[in-house]
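Novice: Chains as they are written, first to last, in the numbering used here: chain A, 1 to 389; chain B, 1 to 389.
FYI, nobody ran anything at the bench for these hints, they're computed from the structure. Take the hints with a grain of salt, since some may be wrong.
Treat identical chains as interchangeable: a pair holds within one or across any two.
[Said to hold, decoys possible] Computed cross-link-like contacts, DMTMM-like style, restricted to lysine to aspartate or glutamate with a CA-CA straight-line distance of at most 25 angstroms:
1) K248 to D124
2) K184 to D168
3) K240 to E327
4) K341 to E330
5) K72 to E271
6) K242 to E331
7) K351 to E330
Here the structure is a predicted model, which is why all the values come from computation and not from measurement.
Here are the chains, one letter per residue:
2 protein chains.
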Amino acid sequence: MSFASDSVGLVTPKKYTFEEPLELECGRVLPRFELMVETYGTLNADRSNAILLCHALSGHHHAAGYHSEDDKKPGWWDACIGPGKAIDTNHFFVVALNNIGGCHGSTGPISPNPDNNNMPYGPDFPLVTVRDWVRTHAMLSDQMGIQKWYAIVGGSLGGMQALQWSVDYPDRLERCVIIASAPKLSAQNIAFNEVARQSILSDPDFHDGYYLANDSYPRRGLILARMVGHITYLSEEAMKQKFGRDLKSGKFMYGFDVEFQVESYLRYQGERFSQNFDANTYLIMTKALDYFDPSREFNSSLTEAMKNTQCRFLVVSFTTDWRFSPERSEEIVNALITNNKPVSYLDINAKQGHDSFLFPIPLYVNTLRAFLGGEALLNEKTAQQGEIS
Amino acid sequence: MSFASDSVGLVTPKKYTFEEPLELECGRVLPRFELMVETYGTLNADRSNAILLCHALSGHHHAAGYHSEDDKKPGWWDACIGPGKAIDTNHFFVVALNNIGGCHGSTGPISPNPDNNNMPYGPDFPLVTVRDWVRTHAMLSDQMGIQKWYAIVGGSLGGMQALQWSVDYPDRLERCVIIASAPKLSAQNIAFNEVARQSILSDPDFHDGYYLANDSYPRRGLILARMVGHITYLSEEAMKQKFGRDLKSGKFMYGFDVEFQVESYLRYQGERFSQNFDANTYLIMTKALDYFDPSREFNSSLTEAMKNTQCRFLVVSFTTDWRFSPERSEEIVNALITNNKPVSYLDINAKQGHDSFLFPIPLYVNTLRAFLGGEALLNEKTAQQGEIS
Numbered sequence: 001m002s003f004a005s006d007s008v009g010l011v012t013p014k015k016y017t018f019e020e021p022l023e024l025e026c027g028r029v030l031p032r033f034e035l036m037v038e039t040y041g042t043l044n045a046d047r048s049n050a051i052l053l054c055h056a057l058s059g060h061h062h063a064a065g066y067h068s069e070d071d072k073k074p075g076w077w078d079a080c081i082g083p084g085k086a087i088d089t090n091h092f093f094v095v096a097l098n099n100i101g102g103c104h105g106s107t108g109p110i111s112p113n114p115d116n117n118n119m120p121y122g123p124d125f126p127l128v129t130v131r132d133w134v135r136t137h138a139m140l141s142d143q144m145g146i147q148k149w150y151a152i153v154g155g156s157l158g159g160m161q162a163l164q165w166s167v168d169y170p171d172r173l174e175r176c177v178i179i180a181s182a183p184k185l186s187a188q189n190i191a192f193n194e195v196a197r198q199s200i201l202s203d204p205d206f207h208d209g210y211y212l213a214n215d216s217y218p219r220r221g222l223i224l225a226r227m228v229g230h231i232t233y234l235s236e237e238a239m240k241q242k243f244g245r246d247l248k249s250g251k252f253m254y255g256f257d258v259e260f261q262v263e264s265y266l267r268y269q270g271e272r273f274s275q276n277f278d279a280n281t282y283l284i285m286t287k288a289l290d291y292f293d294p295s296r297e298f299n300s301s302l303t304e305a306m307k308n309t310q311c312r313f314l315v316v317s318f319t320t321d322w323r324f325s326p327e328r329s330e331e332i333v334n335a336l337i338t339n340n341k342p343v344s345y346l347d348i349n350a351k352q353g354h355d356s357f358l359f360p361i362p363l364y365v366n367t368l369r370a371f372l373g374g375e376a377l378l379n380e381k382t383a384q385q386g387e388i389s
Numbered sequence: 001m002s003f004a005s006d007s008v009g010l011v012t013p014k015k016y017t018f019e020e021p022l023e024l025e026c027g028r029v030l031p032r033f034e035l036m037v038e039t040y041g042t043l044n045a046d047r048s049n050a051i052l053l054c055h056a057l058s059g060h061h062h063a064a065g066y067h068s069e070d071d072k073k074p075g076w077w078d079a080c081i082g083p084g085k086a087i088d089t090n091h092f093f094v095v096a097l098n099n100i101g102g103c104h105g106s107t108g109p110i111s112p113n114p115d116n117n118n119m120p121y122g123p124d125f126p127l128v129t130v131r132d133w134v135r136t137h138a139m140l141s142d143q144m145g146i147q148k149w150y151a152i153v154g155g156s157l158g159g160m161q162a163l164q165w166s167v168d169y170p171d172r173l174e175r176c177v178i179i180a181s182a183p184k185l186s187a188q189n190i191a192f193n194e195v196a197r198q199s200i201l202s203d204p205d206f207h208d209g210y211y212l213a214n215d216s217y218p219r220r221g222l223i224l225a226r227m228v229g230h231i232t233y234l235s236e237e238a239m240k241q242k243f244g245r246d247l248k249s250g251k252f253m254y255g256f257d258v259e260f261q262v263e264s265y266l267r268y269q270g271e272r273f274s275q276n277f278d279a280n281t282y283l284i285m286t287k288a289l290d291y292f293d294p295s296r297e298f299n300s301s302l303t304e305a306m307k308n309t310q311c312r313f314l315v316v317s318f319t320t321d322w323r324f325s326p327e328r329s330e331e332i333v334n335a336l337i338t339n340n341k342p343v344s345y346l347d348i349n350a351k352q353g354h355d356s357f358l359f360p361i362p363l364y365v366n367t368l369r370a371f372l373g374g375e376a377l378l379n380e381k382t383a384q385q386g387e388i389s
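Please model the entire structure based on the sequences and the hints provided.
Specialist: Have a look at this one:
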C-alpha cells in the first residue's frame, strides 16, 4: 500500500518524559508525567517553523498520517495536515500531543500510579485544567528546544488551550488560531457536560472510578455520554439532511429496537466510542471544559485577560455550530479588538455544526493556509538563504 | 386555608371506564381501559361550553386547583385555568384527562393487566400514538355527552393531540389551540428522545421493564432522561440568566460533587421527577412523540392532512423555544393558510424557551383569552336566554 502524495504517510509517536513534580491548579502534584507526541514535517535550523496543535475532548496526538500500512483511517485532522495541505508540512514542523489526563499514551487515569504500587491511577488521577495543560505544553516546548511557536492551533477545547497559551506565555507564540471555541462554557454547555458525567458516574459498572481494578467497565454510561455529546456536535440541519425521519425498516415497529436511522447512528457512535475511550478521562476532559475561564483572575474581564497577548490571532466560527456559536467566538474577537490586537475573524457558512472544524471546507482551509502563510515563510527563508549564501 | 378567588379550589378527579376493546395503531388491543379525568367549571345546558385540555409528556389530568387543603402546589396549568383567568371557568367547562399509557390513574404500565392475573402491565403495555389518544378522547366525549368541543387546547405533545383532533374529528371541535408544538419531530428531537430512552433501557434496574415485579426501579435512568429533557425545555438565555457560571460554594472544588448551580438544579429536577413518574410511561410518551406525523397518510403533505379541518385555529410559539422552534409552528400555520383555513398565529417574545407555554406571559394569556372569547359566549348565552324567556 502506498499513501497519497499529500499524506504525511507512516508516523510513529514518541514519548517525552518529565521527571520533575508538576503542581496542578487543583493543588495536587503529579510526581512525574509523560506526554505522547507525534510530529510531522521537519524542524528548521533556527527552530522557527514549529506549529503546536492542541486537541479537543476526544482527540489525541495522532492528528495526521498512519501508524501502520493496515490503518483504515488516518489521524483526526489529516484533512488539514500534510504536504501541500492547509498546515503544510513542506514548510512547517507540526507537533501534536495527547494531554495529561488523556487515555492515548500520556499520563492519565490508565497510567501507573507511583503512589499506589503502580496500579492504574483510575479516579485518583487529579482533575486538570486547560492552564495545567498549557504549562505541560510549555515544558514540552523547552524539552524540544522550541522557544517560540510559529503558531498554536486548536479547535473546540483545543482552541481554549491556544487562547490560554496567548495569555500565559505571550512571548512564546507568533500566531494563535482559535477555531469553533468559546472563552468559557455557558450554563447550557455545563448542563450537557453534567448529563454526560452523571451517565458515567451513575453506571453501576463505574465502581467509583475503580472499574479496572474491578475488572469492569462503565460501557453503558460512556455510550450515553457520547450520544448526548454527539447531538451537540451536529447541527439540527445536518441531522435533518443526513437522517430526517427515515426509518430503518421502512415502517414503524412499535418497539424499542432501532426505528429511526438517527437512532441507529447515535447508538453506533456511542458503542464505537465506548470501545476506545477511558471513562475517567471523559470525566476529566468535561471538567477541564467547565473550569476553563481565562477571565476568572481578571475580574471576569476577557479584555483584561487578553491585554498582554503579543501574537496575531485568527478566530474561526461556523454558522450552524450551536455548541460554541459564532457569538461565543465574537466575544474573543471583541476582547482583542478592544485591546487593539491584530485579529482576523471568519464565520464560515457550514452545515455540519460544531463538527465543521474537522471538515476541509474550502474557505476555512484556505483562510487557515493564508493566515499561516507557509509560502511566505518559504520565500522569506529562501531570500534569507540567498542573502547568506 | 382558603384558596385565591381566581382558583378553582378543591377538585376531585373521576375515573371513566370503557369496557369495549380498543384496537390501537400498533395492531394490539386493549380489552378495556379507564381514563382519569378532572373538570373545572360547569357544563351548560346545551353542552356547548366544553374545552378539552390535552397534556404534554409529563402532564396529567390535574391541571388546576388543589386535591387537598394541604397541597403545596396547584395543578400544572393553574396559571391559566380558573374564574377570570384566560381559560375562564366562569364561562367554560374544562375537561382535563390523563392519557392511556400514563401513570396518573388512567390505564397504563402500572395498571393491572387482565391478561396476566392483573399483575401490572409493565413493558407489556402497548405503545400508543397521538391518534390512539385522540380516539380515546372522542370516546370520553361520547360518554360525557359532549358532541362538539368549544375548543381543544394543548401545549407541546398536547398541541399535537389538538392538531390530530382537528384532522380526525373535524366536525367535533369549533376551535383548536396549538401551543409550542410541531407537526412532527425533527431528527434532533428524536435523537434527544433516544438518549432519554437509552438512559432508562440500559439501567440495570430496568429489568426489561419488569422492575415492579423485581421490586426494583430504574431511578438512575429516569434521572438522566429527565436531565437531558430538561435542558431542551429551557432556553440557553434563561439558563444563563438563572445560573450563569455561578458556583455552589463560590469556588472550584475539583471533584464530581455539584460545583455549578446549574448542575445542582438539573440533579434536583431529575431526582424529583424520578420519584413521581413511571419509567415505562416515559418510554411510551417519547415514542408517541416520535411517531406523531399526521401527514404520514397524506404523502407527507401537512397541507393535505389539514384540508378537511373545520375549526378555527390559534397557533402560538415562543421566540426562545429551540425544542419546537417558531419555524415548526409556522409549518402548521402555512399548511392552514394554503388551505384557506382560519388561523391566528402569534410568536411570543419569551425567555423561558419551550417551558414558556406554562408561564402566564401577559400577551400569551390575553391572546388565549381573546381567541376563546368567553365574554362573547356569555353575552351570546344571555341574549339567547333573553329570547327564550
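Novice: Under the constraints set out in the numbered hints, which ones does this structure not fulfil?
Specialist: none
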